[in-house]
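Q: This is what each chain is made of:
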Amino acid sequence: MTVRRSFERRLESLPETVDFAAAALADCDIDSEQRLAIEFAIEELFTNMLKYSPTDGNPVEIAFECGAGNVEVSLIYTDVAAFDVTAVPAADVTLPLQQRQPGGLGLHLTRRLVDDLSYEYLAATRESHVRFRVACRRRT
Amino acid sequence: MLTMDSGPDGSVLLIGRLDAAQAAAAQAFLDHKAGRVEVDCSRLEYISSAGLGVLLKTQKRLMASGGRLRLRGVSRHVHDIFVYSGFDQIIEIAAAE
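Here the protein sequences line up with chains X and D, keeping their order.
1 is the number of the first residue of the first sequence in my numbering; add one for each residue after it.
141 is the number of the first residue of the second sequence in my numbering; add one for each residue after it.
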C-alpha cells in the first residue's frame, strides 16, 4: 500500500516529514537502524531541494510503499530546475580537519545508507522525481 | 526535537535529534563552550549532515585554541554516520562502555 503526503517547501516542515515517516513505517517489518536511514535520506533530499530551489514553490510530495521485503520512498518536487542527486561527486571523507568544510556530505551519506537511489526529471512539467529503496530487515 | 544541557561534570548533553531544523540552536549552544568539551551522545537518537556541520565547526574552533571535542555514548546509527563521513578520524569518539 502506498501512503503519500505533501509538505510545504520550507525547513519548518522537516519535523512533519519525520512524523509522517514514523506513521508510514509503523507497520513495515523494518528495524530501527533502517528507519533512521530512511529518515536521514528524506531529510537530506528535502533540504537539498530547499537549497537549490525557491522555498515558496509548490509542495513536496513524499510517498512510502512498504512491500514484501522492501520499503520504497519517493520525493516529487514540482516547479524546480533539474538537479540530479545521483550525479553529485562523492565527498572526500579522508580530508584532515583543517581541510574540511561544512556541507557536501548529505547526498554522499544518503547514497551510502540506501539502495537504488534514482533520479528522473520531467522537463515539460519541471518535476524532479527522486526514489530510493531500503531492503527490510527484521525489527530490533 | 533536540534538547541541549550541561551535565554536572561539565559535559554537554545532546538529547533527541540533531537535524537541519535544530542545527542553528545547537551551534549557538556549542559556540559558548571552550576548552576540552565532552559531549554525552547517549540520548542522541539521530544526526544528519547539518548536525555534522555543527560538530565540525565546533571542533575547528576549539582546536584553534587548544581545545577539542570528545564524544561519548554514541549509538550505532550515529556511529555509522561518523564512520561513513570520516568524522571518526577528526573527532575523538570514546569507545562504548
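The reader is advised that the hints may include incorrect statements.
[Said to hold, decoys possible] Chain D stretches covered by chain X per the calculated footprint, using a threshold of three residues with CB under 8 Å from any CB of chain X:
no. : segment
1   : 158-170
2   : 185-192
3   : 207-214
4   : 219-225
What the hints contain is simulated information worked out from the structure, not anything from laboratory work.
C-beta: ideal position from N, C-alpha, C; glycine also.
Q: Compare the structure with each hint and give your call.
A: These are the hints, each one checked on the structure:
Counting residues of the segment 158-170 of chain D whose beta-carbon sits less than 8 Å from any beta-carbon of chain X gives 3, enough to reach three: the coverage restraint holds. Under a criterion of three residues with beta carbons nearer than 8 Å to beta carbons of chain X, the stated coverage of the segment 185-192 of chain D is upheld, 6 such residues being counted. Counting residues of the segment 207-214 of chain D whose CB lies closer than 8 Å to any CB of chain X gives 0, so the stated coverage by that chain is violated, three being the minimum. Taking a C-beta to C-beta cut-off of 8 Å, the segment 219-225 of chain D contributes 4 residues in contact with chain X, enough for the three needed, and the coverage statement holds.
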